[in-house]
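All chains should be modelled from the sequences, with the hints used to inform the complete structure.
What follows is the residue order along each chain.
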Amino acid sequence: MVDIEDPTQPVRLLTPEGELVEDPRFRWRGGDGSLVEMLRGMRRGRRFDVEGAALQRHGELGLWPPLVGQEGYQAGIAAALNPADMVFATYREQSLALAMGVSPADILALWRGAGLSRWDSAATRMAPYSLIIGSHPLHAVGYALGVALGRAGDGPAPATLAVYGDGASSQGDVNEALVFAAARRAPVVFCCVNNGWAISEPVTRQSPIPLYQRAHGFGIPGIRVDGNDPLACAAVMDWALGRARAGSPVLVEALTYRMGAHTTSDDPGRYRSDELTRQWAGRDPIERLQTHLLARGLVDRPWLEALDAELDDFGAEVRRTCRELVDTPIERVFDDLLVEPGAHLAEQRAECLDWLSTVPGSTVPGEEVGA
Amino acid sequence: MVDIEDPTQPVRLLTPEGELVEDPRFRWRGGDGSLVEMLRGMRRGRRFDVEGAALQRHGELGLWPPLVGQEGYQAGIAAALNPADMVFATYREQSLALAMGVSPADILALWRGAGLSRWDSAATRMAPYSLIIGSHPLHAVGYALGVALGRAGDGPAPATLAVYGDGASSQGDVNEALVFAAARRAPVVFCCVNNGWAISEPVTRQSPIPLYQRAHGFGIPGIRVDGNDPLACAAVMDWALGRARAGSPVLVEALTYRMGAHTTSDDPGRYRSDELTRQWAGRDPIERLQTHLLARGLVDRPWLEALDAELDDFGAEVRRTCRELVDTPIERVFDDLLVEPGAHLAEQRAECLDWLSTVPGSTVPGEEVGA
Amino acid sequence: MSGLTVVKALNRALHEAMAADPGVLVLGEDVGVLGGVFRVTEGLSEAFGEQRVIDTPLAESGIIGTAIGLALRGFRPVAEIQFDGFVFPGFDQVVNQLARYRSRTHGRQGLPVVIRIPFGGGIGAAEHHSESPEAYFMHTPGLHVLSCACPQDAHWLLRQAIACPDPVILFEPKARYYAKGEVDESGPDLPMGSARIVRPGRDAALLTYGPMVRTCLDAAQAAAGEGRDVEVVDLRSLAPLDMATIRACAERTRRVIVVHEARLTLGPGAELAARLDEEMWGALDAPVLRVAAWDTHYPPARTERAYLPDAERVLDALDRSFAY
Amino acid sequence: MSGLTVVKALNRALHEAMAADPGVLVLGEDVGVLGGVFRVTEGLSEAFGEQRVIDTPLAESGIIGTAIGLALRGFRPVAEIQFDGFVFPGFDQVVNQLARYRSRTHGRQGLPVVIRIPFGGGIGAAEHHSESPEAYFMHTPGLHVLSCACPQDAHWLLRQAIACPDPVILFEPKARYYAKGEVDESGPDLPMGSARIVRPGRDAALLTYGPMVRTCLDAAQAAAGEGRDVEVVDLRSLAPLDMATIRACAERTRRVIVVHEARLTLGPGAELAARLDEEMWGALDAPVLRVAAWDTHYPPARTERAYLPDAERVLDALDRSFAY
Ligand SMILES: Cc1ncc(C[n+]2csc(CCOP(=O)(O)OP(=O)(O)O)c2C)c(N)n1
Ligand SMILES: Cc1ncc(C[n+]2csc(CCOP(=O)(O)OP(=O)(O)O)c2C)c(N)n1
Ligand SMILES: [Mg+2]
Ligand SMILES: [Mg+2]
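Chains as they are written, first to last, in my numbering: chain A, 1 to 371; chain H, 1 to 371; chain B, 1 to 324; chain D, 1 to 324.
No lab work stands behind these hints: they were computed from the structure. Warning: the hint list may mix true and false statements.
With beta-carbon atoms standing in for the labels, derived distance ranges [as the list claims (entries may be wrong)]:
(1) G74/B with G225/D: 57 to 63 Å
(2) P83/H with G124/D: 53 to 59 Å
(3) A222/D with P83/A: 42 to 48 Å
(4) P191/B with G101/A: 35 to 41 Å
(5) S194/D with G74/B: 52 to 58 Å
(6) T204/H with R247/B: 53 to 59 Å
(7) N82/A with A163/D: 56 to 62 Å
(8) I197/D with V339/H: 25 to 31 Å
(9) A222/D with A346/A: 25 to 31 Å
In silico negatives: residues of chain A with every beta carbon more than 12 Å from chain B [stated by the list, open to error]:
(10) Q9
(11) Q56
(12) P104
(13) P221
(14) R278
(15) E287
(16) F334
Since this is a predicted model, take the numbers as computed values, not measurements. Cβ atoms here follow ideal geometry from the backbone N, Cα and C, with glycine treated the same way.
Right under this line is the structure:
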């Protein structure tokens, strides 16, 4: 029997050069069509990232967290998910969020400061973002425990996925999530995205050993996958989600690299050499799949040109969407707080609107968005 | 080379029947005299426990956390410590605390509600108790990092020991302590005392796998020792503390059993069978060392009788000490708060004493104790 | 039901709520077979099974964090924090997650989570077991904060809390856990946590909640002997405050004293004093006075009587109020 | 030193303290090579080495918990919490450990730990990056709570905080981080965190701290145009409060308004109102008014101007005060 947790090599099915390789543990079972879909998803994610960064530079967004280089595992996850599966991820899984149907508008609104997590998480299966690093895997475990309790009771039990970073792995909450998942066998997959950095700190500041091994100490299998290989990620995630649906938690460490800055406020030149980044550039997830698909004739130049055109349209749409975003009117901080906020808050709400109406040039309560 | 983390058997050097056994990894290196000292320490600890429980029944203490059955690892730790080592332990390491020179008075005062952690932790090397489960291992790691920074700079670097329970192992803080220790190679030993229970919850509610393995996920060696075997505990602790002094963290799981109630407020009959407790009674740490020492002629009946008499005196002394405890005067809550509490607290202090002076039968500020 | 203790009233409320709605779950440390260290969850595990009465690992952040996840999946979790002081390891999940979820999702996703916290002192307990942390929660938007003082309210408030679509922190007074009283299971037909005039009076009002309701009643009784007719109001809801009842009471009595075991500085009395100072300017005969625990840590148990407000201190405050 | 920003003044204070005492350490996320996300710790790693400027794992409880241990070993750690909202994962270590250690050990063991927290809004940031959590700490005994509003105080208060034998929480106003001013490195010869009359005035007083000092100065200036001479007091210390200065100011001006970005309910203004109501009964011409953030969560950044108190709201409160 093959040891699924063999630490020597991350699972890889597609080399950086775009060649298929065998892995004794995993095989790609999807059809060629889904390979093409993965490429499209990654390209769309990257284009969204390019637009987001540009919008931030032009002052349209307050902040943007680049995802460039991290499209691979996100495409793999998207390919492996069932429609009823539920995902709790981070601010850097924008490509995954798009794939799950979160609208660019809702994501842009968040980074623009025009809203918070406006999207419908029940419909998209993508939970709101928690910017307190490491706090959401516990929600995922609770959700998964709820799934296991089977209250919904319709259809096959969905899996729950918690995606978090290498830095987040140090938080007490993330480790408690592993404790709870292990102790009660929650149908959950932990996906630790090791992109090498938590802002300026290399992953070695968090752990002296590979992070997939963290799971072992909790009695949960852990496995490492090449996070820039969308095929391997899809195959491993497919296995992991299946295992979770059958009632066992599992951890997947996706080994990738944050090619850009932590956010648009960050200057990586202060703390890391370009050398490492250059090395990782040779392992780009999009390049490798594109090369592979071209070599196999599954896509060709005209197809890519059509995709470019499609993405140009998408980019234009993203920019237009951003310009048209309406700020959340201030009264929503009152209206969205509690179903029954009480009289004192009602008075404050009135006072607030009264004040604003007297301040020249103040935010006039805008149109309702997102709810 | 022997695998020091061999999971198949906890390290054991002395069987429950009092016979020495070989362990491929560890040997007992102490002299016969220290064996006798360990027996005395354990007997003293147990006697203290008996007295404490009785004092609680008689209303002299508010609460008492029984340690019976857990004297073994505590004696082993005491035997292995160097004078400059620092210990952060729990409310159930009373036997260890005594061995380190914490006075019975100070421990009794805490459970009586006559004081908090009154003892001099710098002199005894026993940190104050934190009753927030799992919060103190981080202090131990910080202390150890301080040791490593070598500010004291005199003599060989001491080791730091963090003792906590199987229940505590689930707390985020304990896991963060492992993260910090591993990431910065703190000279610290984690000793997880697995006594089978966290109040009513069996250890299986915390973890599906043995707790020494928790360490592995953080890149720290973990090892399991028979916690009721004082020799094995001493040998393993000696190794672990030495390793820590040399700059590497390590975790020791001491497998033992809480023979009594969680505290005197608890009724274990509600949640566990006597059967398991009876099994563990056959593995008593005191019995086995006493049998062994008798067999080898290192102690004899008259010696034991003399010890009984000594312990009777000790018991009488404990009872007397308890009766003579003076409550902490209320003004200490003001005086011990901050070096410079400010005028408002000074006013409250005056108001408080003023109020008390008018209340008939109120606590008259007592005599100063413990500081 | 007649002659139930607060503990039994809470227990009964849980039994009823779990029987009525299969989505109601109980989770916490030792809440299962043991029935909780105070036996509030006694018998639930037998009645509803280990699936719905969950003995969790020892980790408060985990308890609250997974309760959030369970609520997202459609359940109504009732989490127990074993003692007041132990809520702090889970504080981030309360402040940054539980309290924010509805706002963060633009009103889409509320979290019907109840956190039960036995609180307060006077029971001779060890460090961290006698705290009154309610002010930390009152300062946090997005939470309902309740406290019960008698079996009837214990039952009613817990049923209401479980029915509430938003998070509720219920503070249960340990010192009154074994006080007995009647329980009408239908509960009063009032908005959740409306304040209650426990003893009407004309000359001054004591605003209080939880364990200090008893203390204030004792003080009011003693004051009656001195010819002072003192009203006692059990706030029951600390967030939001039932300002209509409080204002009406202040208007009638013109002298207000707030009494609590929470510490003075930024304890609940600070907010009441600030609001009444402003809203009742010129309409009161004395400043709002506060009788509270000192601004220090809780003392060792044998000294707690010198720390906790008692009837004497309340009477003294009444004297001071009448001296204006 | 002339023309330093608040960031540079803090940085300088750290450089000086570390040079003066080898026991002073800095720890936190990204405080090393990066110099902190706000560059407050810039250059320290180069100057004092990685041993004394510690890039910690990403875990706030771990940062504060290990700082406690370092202090027990004789060091004076200065911990950075990257943004206000991130202090809550470490809140238990602050409330239940850091703040209690001296009391728990009967006065034997104080903890000279400084926790620096960039706080407040107005910088267009994402959720959890614009919080004003100071009230939570004011309600916690055993802590000094300070806030600086200008480069001079930033330097002085941080030096004093590091010298203090007890824990200090220093709130640094992000919105004022790049404000420039003179810094006299010897600092005023005053007890730590004495309040400061930033602008004297006779007709009314604005009590404030941190980012709102600037807002209040603007309001006072505007009020001067209307013939009102308004005093502005920077509290600087929130725990303990410098009541002598505050009382004297209230006595002189007879009208007091407290202004802060913390939320209204149980924000610092509640305590000031409650104390002044009692201590100055009959001596004020109007109730103490509060201008604070609403009792809601912080809004999305583009709406923050409608959430944060501004000079208009302060002026409106002045009008209301004068209307009494
Ligand atoms: C509790 C908390 N602490 C600190 C931060 C500031 N912060 C935001 S992202 C980040 C690094 C996260 O690293 P990682 O988990 O590896 O995710 P990545 O950014 O690499 O995707 C930090 C420290 C935060 N948001 N929350
Ligand atoms: C933060 C916190 N949560 C809960 C408790 C209540 N409590 C006290 S001891 C205990 C069980 C501890 O179990 P373990 O760590 O195994 O130690 P043991 O009692 O077995 O020695 C619990 C839940 C506490 N003191 N602190
Ligand atoms: Mg990362
Ligand atoms: Mg245990």
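Against the structure, the hints:
Remark: the range hint 57 to 63 Å for G74/B to G225/D is upheld by a beta-carbon distance near 58 Å. Between P83/H and G124/D the beta carbons are some 57 Å apart, a value that agrees with the proposed interval 53 to 59 Å. The beta-carbon spacing between A222/D and P83/A, approximately 58 Å, falls outside the hinted interval of 42 to 48 Å. One distance hint, 35 to 41 Å for the beta-carbon pair P191/B and G101/A, holds here, with the actual separation near 39 Å.
Distance hint check: the CB atoms of S194/D and G74/B are about 55 Å apart, consistent with the given range 52 to 58 Å. Taken as a hint, the range 53 to 59 Å holds for the pair T204/H and R247/B, whose Cβ atoms sit roughly 55 Å apart. Taking the beta carbon of each, N82/A and A163/D are about 60 Å apart, inside 56 to 62 Å as hinted. One distance hint, 25 to 31 Å for the beta-carbon pair I197/D and V339/H, holds here, with the actual separation near 27 Å.
Separated by about 30 Å at the C-beta atoms, A222/D and A346/A satisfy the suggested range of 25 to 31 Å. Every CB of chain B lies more than 12 Å from the CB of Q9/A, the least distance being 33 Å, so the non-interface label holds. With a least beta-carbon separation of about 22 Å from chain B, Q56/A lies farther than 12 Å from that chain, consistent with its non-interface assignment. The Cβ of P104/A sits about 17 Å from the closest Cβ of chain B, beyond the 12 Å cut-off, so the non-interface label holds.
Even its closest Cβ contact with chain B, about 19 Å, leaves P221/A beyond 12 Å, as expected for a residue assigned away from the interface. Chain B leaves R278/A outside its interface by the beta-carbon criterion, the shortest separation being 38 Å against a cut-off of 12 Å. No beta-carbon of chain B comes within 12 Å of the beta-carbon of E287/A; the shortest separation is about 37 Å. Non-interface call for F334/A relative to chain B: violated, since the shortest CB-CB distance, roughly 10 Å, does not exceed 12 Å.
Consistency note: the structure conflicts with the earlier hints numbered 3, 16.
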